[in-house]
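Undergrad: Residue strings, one per chain:
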Amino acid sequence: MAAVPETLDTVQSVTQSGYKWGFSTDIEMDLAPKGLNEDTIRLISARKQEPDWLLEWRLKAFAAWQTMTEPHWAKVHHAPIDYQDLHYYAAPKKKPGPRSLDEVDPELLAMYEKLGIPLKERAILAGVEGAGDERPQVAVDAVFDSVSVATTFRESLAKVGVIFCPISEAVRDHPDLVRQYLGSVVPVGDNYFAALNSAVFTDGSFAFIPKGVRCPMELSTYFRINARNTGQFERTLIIAEAGSHVSYLEGCTAPQRDENQLHAAVVELVAMDDATIKYSTVQNWYPGDAEGRGGIYNFVTKRGVCRGARSKISWTQVETGSAITWKYPSCILQGDDSVGEFYSVAVTTNRQQADTGTKMIHIGRNTSSTIVSKGISAGRSDNTYRGLVRIMPRAHGARNHTQCDSLLIGDQCGAHTVPYIESRNRSAKLEHEATTSKIADDQLFYCRQRGLSEEDAVNLIVNGFCKEVLKELPMEFAVEAQKLLAVSLEGSVG
Amino acid sequence: MSTRTKPPAPLEAVAGAFLARYEARPEHDATRARAAALFRAGGLPSPREEPWHYTTLRPLADAVFDAPPADPAPLLALLPDIAAARLIFAHGRFRADLSVLPTGITVRTGAPAWGRLARPAIEKLVALNTMLAEDGAEIEVAEGVDAGTLILASLATGGAFHPRHAIRLGRGARLTLLEVNIGTGAYLNNPVFSVSVADDANLTHLRIQTEAPDAFHLSTLYAEVGAHGTYDSFLLSLGGRLARMEVHARLAGEKSAAHLNAAQLLGGSQHADFTTVVTHDAPSTTSRQTVKNVLTGRSRGVFQGKIEVSRGAQKTDGYQMNQALLLSGEAEIDSKPQLEIYADDVKCSHGATVGELDPDQLFYLRSRGVPEAEARSLLVRAFLDEALDPITHDAARETMEGMIATWWEQQTP
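Here the protein sequences come in this chain order: A and B. Residue numbering for the first sequence follows the working numbering, beginning at 1 and increasing consecutively. Residue numbering for the second sequence follows the working numbering, beginning at 1 and increasing consecutively.
Derived from the structure by calculation, the hints contain no laboratory data. Backbone N, C-alpha and C define an ideal beta-carbon position, used for all residues, glycine too. Mixed in with the good hints there might be a few duds.
To be verified - Short, incomplete list of chain B residues facing chain A, as computed with Cβ under 7 Å:
hint : residue
1    : G268
2    : S269
3    : I333
4    : Q338
5    : Y342
6    : T353
7    : L357
8    : D358
9    : Q361
10   : S377
11   : R381
12   : A382
13   : F383
To be verified - Capping the alpha-carbon separation at 25 Å, the derived lysine-lysine pairs in DSS-like fashion look like this:
hint : chain 1 : residue 1 : chain 2 : residue 2
14   : A       : K483      : B       : K315
15   : A       : K467      : A       : K483
16   : B       : K347      : A       : K75
17   : A       : K75       : A       : K159
18   : B       : K255      : B       : K315
19   : A       : K483      : A       : K471
20   : A       : K75       : A       : K34
21   : A       : K75       : A       : K438
22   : A       : K438      : A       : K467
23   : A       : K75       : A       : K429
24   : A       : K467      : B       : K347
25   : A       : K211      : B       : K347
26   : A       : K471      : B       : K255
27   : A       : K359      : A       : K483
28   : A       : K467      : A       : K359
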């Protein structure tokens, strides 16, 4: 475990307790009036100068949403959400779509600097200082409340044919692509929150990797909710054509506020023959305070379809934020020999609630999937893994392995595992394992005996517990994720 | 706008028929009336309810149970050949003439033994049972008595019946209860059991469900175990067109234990569902479950197993293993193992595997001269062994192994 001393340094370097991303930025905002009706949707569509087909698509989603009821099957509890008490559009006042970084509001640049996401084309995500000159490049799309404020490295990406831009821009510049794929993985009426998102989504990222291209750098989107009383509804669409490869990272934070804010995103991934999409998330929305006041309701639909043979979609998530998380990144394994992966670490403390997991739907022959989920509950939180593995009758030779482990820290929290395993093909092979335990006394004793404080010992053991998942993250993110784990669990020991 | 009322959904019609039967009863005491009100409001379970996600009672709507019950005596020949006292119920009614009463055990029959654990407000089939129960056995083993083996058998040839049994073991008492369900024709057997095992007591409950191919078997069992007590059960589920065996076991006393092992062997278009909830409500309690499914034909097997650990139930040790062998292209297994944990110093785990017979193992046996059919049979038996192993009652185990062998012969043309 070579990473250990570094990890401990990182842990020690985070001296600030609590949520350090909780500042808010004063930026003049263009807000839509509160409330949700057809006029709101027309207004959003008009502000974004959208074509008619998209407005119709939104209205269709809205009509579907009105007939649906909020789902309550997840193991989470919250006060009813007043959907009419939200702003559905919030954008920094400035002409939309700055031509270059020089045109971006300096306030905004300063905010991203503070978050450790410098929007300059030399830099990378914070966390790995001194990594030498060979720093990997990362293209960043920064989404601030409802709009994308900047996208870096677009030209170098364009040279190899990769399109990476805000989805609103893609609607304008690549309407055929968007129209072909938008809603093809998560249909407008898929579920309550997806329907809501389809009706009112404001921005998000769009990536298209053409045939045979290996995307030369990591793509990443950084989401920030800033305005008060807004909901954030972003939409991400990634298309990997045959033989292409892309790794995409997503990060998110929000200011510290006493009221709850709603975040209902939809992410759609499409992988054609031999294509690979790797999607990594570090979710760090404001989790609310120790008494459970405030925090983000993170109700997200993420789904990828392995449409082509031998395609692969891999989800990795580190979930430390949000008051409530409701999220099941899924893979539809349609192409023969396609592969789905889900690696997750979910940490809940204080009064956080997380109900998260995945769905692996095996349709094609010889499809295989791997699920590794690590849940850590502390404080008075509840942490649920909920997952589905379904083998359809034609999925000959399908294979799944699932490993779900839960770690409990303290006797006032809850850890739950709810897997659904369905097989309709005899040649399919499925294995599922789940364990729940606390940090063993002998492990703690071993560390304490060697001079580690109890808190450092717990961090060390937690990092070890999560290692299988963290090693799947791109390096910059892995470091950030380790720091986050340490900060999240601060004060939950003893 | 037309004001025509929608024709009732099929299951509502079935529920209506049960209610009509209740209305036709000569008397409506308070217990039944409360259950009837619950049943009238809630009806039968539907797949929209999470605990019934994988099992629909829809086939009940097409079933006819009105054949006049025939003489059940010939069915006695099918009972396991075990020398023990026997309580025989035919069509849900106690038959003293066919029974051999035990010594050292108090048995009361002639009225439903309500017990105190059933929850008609939560389990809809228990509301149905409570509303229509006519008879049942109240079995009581006094403190410190080792009562040996008792057979509790249900025989049927038709009709719908709802027996209600209560079993109570005093402190330090012991009993092996062999429950057998057999019959011919089409019928519905909807028993409810309330089992309390006092401190230091030990109940071994061996259950054989070999109902007739057209029968429905829907049973609900509640068990509560006191300190250092054990509820040790094994279920062999072979019969019925649709079977649902639901068990709620609560470990109420310190260091109590529950074993809920099962083997479900299904063929044709059978559907069987084994649903368990083990609640660890006291410190240092243990639960063990090994559940094996062997599925052929177009059958569908369901296993739902939930381990709940209450706040304060520290040092809980819960383990559950659920495995399925799919032997045909059209069989289906649905499995939902579940952990719900509110205490931190616990050791809980579950595992599930699904697959066909291992080709390597088959090859190994074939290459040593074992014919394919025999090799397959050997491997299936070996697969089931783990669930059967904990059975210490030799005669009962032999009987069950015989039933498994017969079943296997019927499956292989």
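Undergrad: So, for every hint listed, does it hold in this structure?
TA: Here is how each hint holds up against the structure:
Look at G268/B: its Cβ only gets to about 16 Å from chain A, farther than 7 Å, so that hint breaks. Interface hint status for S269/B: violated, as the beta-carbon distance to the closest one in chain A is roughly 14 Å, over 7 Å. Interface hint at I333/B: satisfied, since its Cβ lies 5 Å from the closest Cβ of chain A, which is below the 7 Å cut-off. Annotation: Q338/B was flagged as interfacial toward chain A, and the flag holds, the nearest CB pair being 5 Å apart, inside 7 Å.
The restraint placing Y342/B at the interface with chain A holds, with a minimum CB-CB distance near 5 Å, inside the 7 Å limit. For T353/B, the interface hint holds, since its Cβ comes within 7 Å of a Cβ in chain A; the closest pair sits about 5 Å apart. A distance limit of 7 Å between C-beta atoms decides the matter here; for L357/B the minimum to chain A is near 9 Å, and the interface restraint is violated. A distance limit of 7 Å between C-beta atoms decides the matter here; for D358/B the minimum to chain A is near 9 Å, and the interface restraint is violated.
Taking 7 Å as the C-beta cut-off, the interface hint given for Q361/B is violated, the closest approach to chain A being about 14 Å. Taking 7 Å as the C-beta contact cut-off toward chain A, the hint placing S377/B at the interface is violated, the least distance being around 17 Å. For R381/B, the interface hint is violated, the least distance from its beta-carbon to any beta-carbon of chain A being 19 Å, above 7 Å. Given the 7 Å rule on beta carbons, the hint for A382/B is violated: about 18 Å separates it from the nearest Cβ of chain A.
Interface restraint check: F383/B against chain A, minimum CB-CB distance 14 Å, threshold 7 Å, status violated. With a CA separation close to 32 Å, the supplied pair K483/A and K315/B exceeds the 25 Å bound. With a CA separation close to 13 Å, the supplied pair K467/A and K483/A stays within the 25 Å bound. As the CA atoms of K347/B and K75/A are separated by approximately 22 Å, the hinted pair is consistent with the 25 Å bound.
For the given pair, K75/A sits about 47 Å from K159/A by alpha-carbon distance, which is inconsistent with the 25 Å threshold. Simply put, K255/B and K315/B have alpha-carbon atoms about 9 Å apart, close enough for the 25 Å limit, and the pair holds. Between K483/A and K471/A, the direct Cα distance comes to roughly 14 Å. Compliance with the 25 Å bound is thereby established for this hinted pair. Annotation: proposed proximity of K75/A to K34/A is violated, straight-line Cα distance about 29 Å (limit 25 Å).
Between K75/A and K438/A the CA atoms are separated by roughly 21 Å; this keeps the pair inside 25 Å, and the hint holds. Distance check on the hinted pair: K438/A and K467/A sit about 17 Å apart at the alpha-carbon level, within 25 Å; holds. Annotation: proposed proximity of K75/A to K429/A is violated, straight-line Cα distance about 29 Å (limit 25 Å). Restraint check for K467/A and K347/B: the C-alpha separation of about 21 Å stays at or below 25 Å, so the hint holds.
Between K211/A and K347/B the CA atoms are separated by roughly 49 Å; this puts the pair beyond 25 Å, and the hint is violated. Using a Cα cut-off of 25 Å, the hinted pair K471/A and K255/B is violated, with the two alpha carbons roughly 41 Å apart. With a C-alpha separation of about 29 Å, the suggested pairing of K359/A with K483/A is violated against the 25 Å cut-off. Our distance criterion of 25 Å between C-alpha atoms is met by K467/A and K359/A, whose separation comes to about 22 Å.
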